[in-house]
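From just these sequences and the hints, can you work out the full model?
Residue numbers (the UniProt record's numbering), protein chains in the order written: chain D, 1 to 549; chain B, 1 to 549.
No wet-lab data here; the hints were simulated from the structure.
Do not take every clue at face value.
[Unchecked claim] Derived, one-sided and incomplete: chain B residues facing chain D with beta-carbon distance under 8 Å:
(1) SER142
(2) ASN154
(3) GLN155
(4) TYR293
[Said to hold, decoys possible] Cross-link-like lysine-lysine pairs, in silico, DSSO-like; alpha carbons within 27 Å at most:
(5) D:LYS83 - B:LYS120
(6) D:LYS55 - D:LYS187
(7) B:LYS213 - B:LYS498
(8) D:LYS105 - B:LYS24
(9) D:LYS24 - B:LYS105
(10) B:LYS40 - B:LYS313
(11) D:LYS404 - D:LYS391
(12) D:LYS120 - B:LYS83
(13) D:LYS84 - D:LYS120
(14) D:LYS120 - B:LYS120
Ideal placement from N, C-alpha and C gives every residue a C-beta, glycine not left out.
Protein chains: 2
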Amino acid sequence: MNKYVLCLIMWGFFCFPSMWAQSKYYANSQVWLQKAEACKSPLVYKDHYPIRIVKSIKDEKAYQGWRMEDAGNVSTLFHESLKKHSGIILDFGEHLTGYFSFTLKMLQENIAADAPVRLKFTFAEVPAELNTPFDPYPGSLSRAWLQDEVITLNQVPVQAQIPRRVSFRYLKIDVLGASSFDFTFDKLVMKAQSSVLLQPSVLANTTDPLIQKINNVGLSTLKECMQTVYEDGPKRDRRLWIGDLYLEALANACSFKNHDLTKRCLYLLAALSNDEGLLHATILEEPEPHPQYGQYCLDYALIYNVALLEYVKTTRDLATGNDLWPVVVRQIEMALRQFSPDMIYDMQKPPLYWLVFDWKDGYDRQASMQGLTIWSIQNSYELAKLLGKEKDVSSWLVLIKKMKKAARACFYNKKTGLVESGAERQISYLSQVWMILSETLTQKEGRRALSSVMAMSEACYPGSPYAYHYVLEALLKCNMNKEARELLINYWGNMVEKGADTFWEVFDPKDDFISPYNFYPINSYCHAWSSTPVYFINKYPDVFQSGLK
Amino acid sequence: MNKYVLCLIMWGFFCFPSMWAQSKYYANSQVWLQKAEACKSPLVYKDHYPIRIVKSIKDEKAYQGWRMEDAGNVSTLFHESLKKHSGIILDFGEHLTGYFSFTLKMLQENIAADAPVRLKFTFAEVPAELNTPFDPYPGSLSRAWLQDEVITLNQVPVQAQIPRRVSFRYLKIDVLGASSFDFTFDKLVMKAQSSVLLQPSVLANTTDPLIQKINNVGLSTLKECMQTVYEDGPKRDRRLWIGDLYLEALANACSFKNHDLTKRCLYLLAALSNDEGLLHATILEEPEPHPQYGQYCLDYALIYNVALLEYVKTTRDLATGNDLWPVVVRQIEMALRQFSPDMIYDMQKPPLYWLVFDWKDGYDRQASMQGLTIWSIQNSYELAKLLGKEKDVSSWLVLIKKMKKAARACFYNKKTGLVESGAERQISYLSQVWMILSETLTQKEGRRALSSVMAMSEACYPGSPYAYHYVLEALLKCNMNKEARELLINYWGNMVEKGADTFWEVFDPKDDFISPYNFYPINSYCHAWSSTPVYFINKYPDVFQSGLK
Chain D
1 MNKYVLCLIM
11 WGFFCFPSMW
21 AQSKYYANSQ
31 VWLQKAEACK
41 SPLVYKDHYP
51 IRIVKSIKDE
61 KAYQGWRMED
71 AGNVSTLFHE
81 SLKKHSGIIL
91 DFGEHLTGYF
101 SFTLKMLQEN
111 IAADAPVRLK
121 FTFAEVPAEL
131 NTPFDPYPGS
141 LSRAWLQDEV
151 ITLNQVPVQA
161 QIPRRVSFRY
171 LKIDVLGASS
181 FDFTFDKLVM
191 KAQSSVLLQP
201 SVLANTTDPL
211 IQKINNVGLS
221 TLKECMQTVY
231 EDGPKRDRRL
241 WIGDLYLEAL
251 ANACSFKNHD
261 LTKRCLYLLA
271 ALSNDEGLLH
281 ATILEEPEPH
291 PQYGQYCLDY
301 ALIYNVALLE
311 YVKTTRDLAT
321 GNDLWPVVVR
331 QIEMALRQFS
341 PDMIYDMQKP
351 PLYWLVFDWK
361 DGYDRQASMQ
371 GLTIWSIQNS
381 YELAKLLGKE
391 KDVSSWLVLI
401 KKMKKAARAC
411 FYNKKTGLVE
421 SGAERQISYL
431 SQVWMILSET
441 LTQKEGRRAL
451 SSVMAMSEAC
461 YPGSPYAYHY
471 VLEALLKCNM
481 NKEARELLIN
491 YWGNMVEKGA
501 DTFWEVFDPK
511 DDFISPYNFY
521 PINSYCHAWS
531 STPVYFINKY
541 PDVFQSGLK
Chain B
1 MNKYVLCLIM
11 WGFFCFPSMW
21 AQSKYYANSQ
31 VWLQKAEACK
41 SPLVYKDHYP
51 IRIVKSIKDE
61 KAYQGWRMED
71 AGNVSTLFHE
81 SLKKHSGIIL
91 DFGEHLTGYF
101 SFTLKMLQEN
111 IAADAPVRLK
121 FTFAEVPAEL
131 NTPFDPYPGS
141 LSRAWLQDEV
151 ITLNQVPVQA
161 QIPRRVSFRY
171 LKIDVLGASS
181 FDFTFDKLVM
191 KAQSSVLLQP
201 SVLANTTDPL
211 IQKINNVGLS
221 TLKECMQTVY
231 EDGPKRDRRL
241 WIGDLYLEAL
251 ANACSFKNHD
261 LTKRCLYLLA
271 ALSNDEGLLH
281 ATILEEPEPH
291 PQYGQYCLDY
301 ALIYNVALLE
311 YVKTTRDLAT
321 GNDLWPVVVR
331 QIEMALRQFS
341 PDMIYDMQKP
351 PLYWLVFDWK
361 DGYDRQASMQ
371 GLTIWSIQNS
381 YELAKLLGKE
391 KDVSSWLVLI
401 KKMKKAARAC
411 FYNKKTGLVE
421 SGAERQISYL
431 SQVWMILSET
441 LTQKEGRRAL
451 SSVMAMSEAC
461 YPGSPYAYHY
471 VLEALLKCNM
481 NKEARELLIN
491 YWGNMVEKGA
501 DTFWEVFDPK
511 DDFISPYNFY
521 PINSYCHAWS
531 STPVYFINKY
541 PDVFQSGLK
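Okay, here's the thing in structure tokens:
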């Protein structure tokens with residue numbers, strides 16, 4: 001009779017209609033948007049609970065100087081005053097993405113709460129994130145990405161939810177304000193979400209625990225990023241980028257096989273191209289699907305073509321291939337505008353596009369872009385053949401020849417066997433890689449170039465797992481299987497050894513604190529483009545599971 | 001077609017059934033709770049908008065060292081990037097209590113928000129509250145009362161609400177996190193609430209602008225505290241205390257005349273007495289009405305009787321008087337247990353009750369409690385007569401005589417004409433006051449005592465408007481109308497001159513930073529017990545409006 005259940009406060013976010021519409025270039029873009037919505041996967045939810053209490057230990061040998069040590073059973077959290085445990089850190093045992101909610105209860109009978117409480121929840125992907133002051137904030141991306149949330153609760157008992165979606169393994173809870181009464185948690189739950197369900201996975205052809213572990217961490221990474229689109233990182237950015245889509249779709253095809261998600265993303269990107277038909281590099285879903293207007297990456301636009309090819313090859317969904325074929329043609333037309341009459345990519349020709357390729361200071365992208373364009377046109381031609389359209393684009397074969405010839409003349413140093421890029425004739429891993437992937441170099445030349453560059457301490461080496469994906473592809477193409485396996489173990493395996501639950505956005509084995517954003521806690525520690533070991537290990541079991549032949 | 005309205009995130013507070021039930025002492029307590037609910041006043045809502053932008057100016061002459069200066073038109077807020085105006089202060093022109101909501105919009109066309117924003121809203125009653133760092137927090141009450149709320153908004157445009165109820169005149173907005181895009185407010189509204197509607201009020205019998213202003217500030221204070229109960233302070237505590245109820249009801253009877261609110265509070269308190277029938281000093285309404293268990297103030301319990309008398313006198317609601325009469329009798333019985341055989345209040349006799357009377361360090365409450373008890377019994381006898389129950393309590397008349405005689409013998413120094421309290425024979429304003437209000441001293445003796453104490457620089461003077469209320473009553477009782485008017489002007493008028501929009505919980509003209517809680521920003525600057533100028537000015541127009549006869 002005396003029991004009330006009051007819904008005291010509503011926190012409502014309304015999202016407004018956006019100003020962006022689908023592309024005016026493609027007649028079907030409105031239909032494409034509808035198709036994208038039609039194949040949106042429902043999310044799968046699962047409740048998770050903390051598995052232990054931990055404490056942060058400063059340790060120079062640990063990744064970024066901090067490791068977590070066991071500090072007791074979670075039951076403490078439900079039976080002792082939270083005021084005595086301000087700063088407590090909970091370990092959920094794995095990286096999770098979703099919504100966190102909790103209930104607080106009074107600990108003493110017949111005592112009423114006489115004041116509000118103020119709590120801070122800090123959600124962290126890696127241990128150092130909880131041990132690095134966020135303010136004053138030095139980072140170059142919005143401070144609001146960092147996941148520290150302060151809330152005031154008018155009374156205890158209370159049930160509450162952190163309004164934003166969070167992504168984390170560790171949760172630190174600080175009591176910033178309380179009165180004399182004692183309270184603690186009654187419930188505490190993380191409702192995790194993904195468009196796929198992670199199943200325990202045992203590789204059939206290996207007993208190597210590190211390979212097994214790399215595969216599992218890759219699967220976790222991929223699962224976390226597979227939401228209603230392929231997100232780049234569930235903590236930060238939370239949006240669809242073409243580069244991530246391509247690598248995620250490759251890994252998905254070898255694992256979760258949620259092909260509808262790939263299809264959705266391909267349609268979204270196509271529908272939201274600009275009015276010249278050029279793809280935007282990135283799409284956000286809320287309040288309604290829209291591009292980050294004006295954000296073009298010409299390498300990504302060309303990669304879209306290859307992503308579509310891979311999708312059609314995997315699914316045999318020729319209808320989608322045919323539907324989106326005009327986009328493929330248009331990306332190549334747009335890229336070719338940036339080439340000089342002698343078929344060399346002109347870095348100075350307006351508009352100056354951002355070329356992603358890697359997060360790496362000082363890396364010259366010209367040779368890489370030359371190679372990537374050739375690679376994209378070759379793959380687009382393969383798609384044309386699948387769709388029976390190769391006659392429409394027979395000119396591409398001539399073009400490819402010309403571009404390769406120009407590339408060899410411009411970038412390839414026959415004496416050293418190395419590709420050199422830009423006015424400074426820079427020697428980088430990626431310049432070799434893209435000339436190999438595009439088959440501008442022969443396999444033999446490629447092997448020589450890769451062996452040389454990997455032996456050069458002064459060579460510009462990659463800064464991100466994204467770039468290392470293409471290095472691995474190039475090694476495999478050159479039949480350098482031993483080196484490919486070593487790279488997988490030395491790079492992704494090194495992350496695992498440093499404690500990665502999910503693979504990181506950037507990783508330089510020589511610098512644990514590297515950040516493209518001037519502040520390593522703002523890095524994404526679960527990043528889509530780093531999940532490709534799943535693709536390599538499962539696509540090439542002979543190389544990565546059974547070891548070397 | 002493309003327009004979505006999504007409700008993204010729900011912030012739900014559920015309040016759980018509490019463990020407290022109504023008093024087991026009174027057979028009707030369950031019915032009393034129902035009666036309290038039945039006369040709950042509906043709240044009146046009104047939307048308010050900022051009237052100007054201000055900036056904080058450090059000024060030693062200003063109250064607490066800060067004053068607000070005009071800094072422009074509010075339209076800036078809606079047309080210029082909020083990032084350029086981080087730290088902006090809005091002035092809503094008056095003290096308001098309720099819920100704050102806003103909408104953010106993008107400022108550039110065809111730019112999508114690419115990151116969340118993090119904003120801090122600090123709501124302040126007085127200027128210094130915005131200019132005193134809250135952390136590290138030195139106060140003795142929960143830090144969570146302070147009204148600084150940090151929120152993360154996942155996107156722009158967005159509509160959001162600060163989940164907690166706030167109480168303020170000034171609002172400071174800091175941008176703690178943002179990306180490169182520009183955004184600002186589209187709307188911004190404070191939905192203010194009260195159980196009464198403040199109407200413009202002009203006093204009929206005075207042209208003195210200060211008296212007029214004191215009356216208006218008192219009305220604003222009272223309006224802000226009149227919610228679904230008489231709250232003590234809408235910013236901090238937000239609950240029903242007997243002491244505040246008594247003074248608020250006096251002022252209400254001379255102004256808003258929302259007698260249902262008084263009735264509701266009287267019933268709530270009675271229903272939630274302890275199992276000996278003693279009133280709890282304070283009641284909270286959420287999640288369901290319950291006392292702050294174990295919180296007794298014996299002076300407040302006795303004041304309840306007088307509050308009921310005043311209610312019955314004002315409304316002639318004899319039914320309620322009869323209904324609650326057992327509570328009146330019981331409070332006196334409970335108080336008498338604390339008296340020595342020679343009828344002196346025994347400060348050492350367990351249980352040791354908290355006696356409020358004032359916020360004032362070192363003030364000895366013994367003589368005051370002796371006087372207040374007599375005063376309460378006398379008033380309770382007056383209620384008995386109104387209800388035709390005087391024969392039931394005829395013993396009280398004998399009791400009153402005995403207590404007065406004992407009081408004079410124990411506390412009254414005939415030579416000096418002053419009441420002295422405690423082992424240290426302390427001379428305080430309030431010891432005189434309560435011996436006057438209880439008619440333990442004659443009017444002539446009272447006049448002598450008050451004149452003397454007010455001339456003594458070493459006398460213990462009151463620390464709060466609450467205590468000064470009784471000083472004013474005592475002055476009027478001694479026909480010291482000139483002094484009463486001077487006190488009103490010097491004390492409450494001084495607050496007005498220092499910029500009060502509403503009257504403050506504590507005020508010492510000699511110390512702007514005084515705080516019972518070790519941190520002046522946690523003081524309540526709109527406090528119920530300070531609103532009694534409304535009662536005095538309107539109840540005694542000859543004294544306070546027309547000046548002196």
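Hint consistency between B:LYS213 and B:LYS498 [alpha-carbon to alpha-carbon, up to 27 Å]: 12 Å, holds
Proposed interface contact between B:ASN154 and chain D, which counts if any beta carbon pair is under 8 Å: Holds, about 6 Å.
Agreement of D:LYS105 and B:LYS24 with the hint, judged by alpha carbon distance not exceeding 27 Å: Roughly 25 Å between the alpha carbons, so the hint for D:LYS105 and B:LYS24 holds.
27 Å limit on alpha-carbon distance, applied to hinted pair B:LYS40 and B:LYS313: It holds: about 21 Å lies between the C-alpha atoms, which stays within 27 Å.
When the least beta-carbon distance from B:GLN155 to chain D is tested against 8 Å, hint result: 6 Å, holds
Residue hint B:TYR293, partner chain D, criterion CB-CB below 8 Å: This hint holds: B:TYR293 lies near chain D, its Cβ roughly 5 Å from the closest one there, short of 8 Å.
D:LYS120 paired with B:LYS120 [C-alpha distance capped at 27 Å]: Roughly 14 Å between the alpha carbons, so the hint for D:LYS120 and B:LYS120 holds.
Pair hint outcome, D:LYS83 versus B:LYS120 [Cα-Cα no greater than 27 Å]: Between D:LYS83 and B:LYS120 the Cα gap is close to 25 Å, so the pair holds against 27 Å.
Agreement of hint B:SER142 with chain D interface, Cβ distance less than 8 Å: With a closest approach of 4 Å, the B:SER142 hint holds.
27 Å limit on alpha-carbon distance, applied to hinted pair D:LYS24 and B:LYS105: Roughly 26 Å between the alpha carbons, so the hint for D:LYS24 and B:LYS105 holds.
Pair hint outcome, D:LYS404 versus D:LYS391 [Cα-Cα no greater than 27 Å]: 21 Å, holds
Straight-line alpha-carbon gap D:LYS84 to D:LYS120, limit 27 Å: 15 Å, holds
Figure legend: structure checked against the earlier numbered hints; every hint is met.
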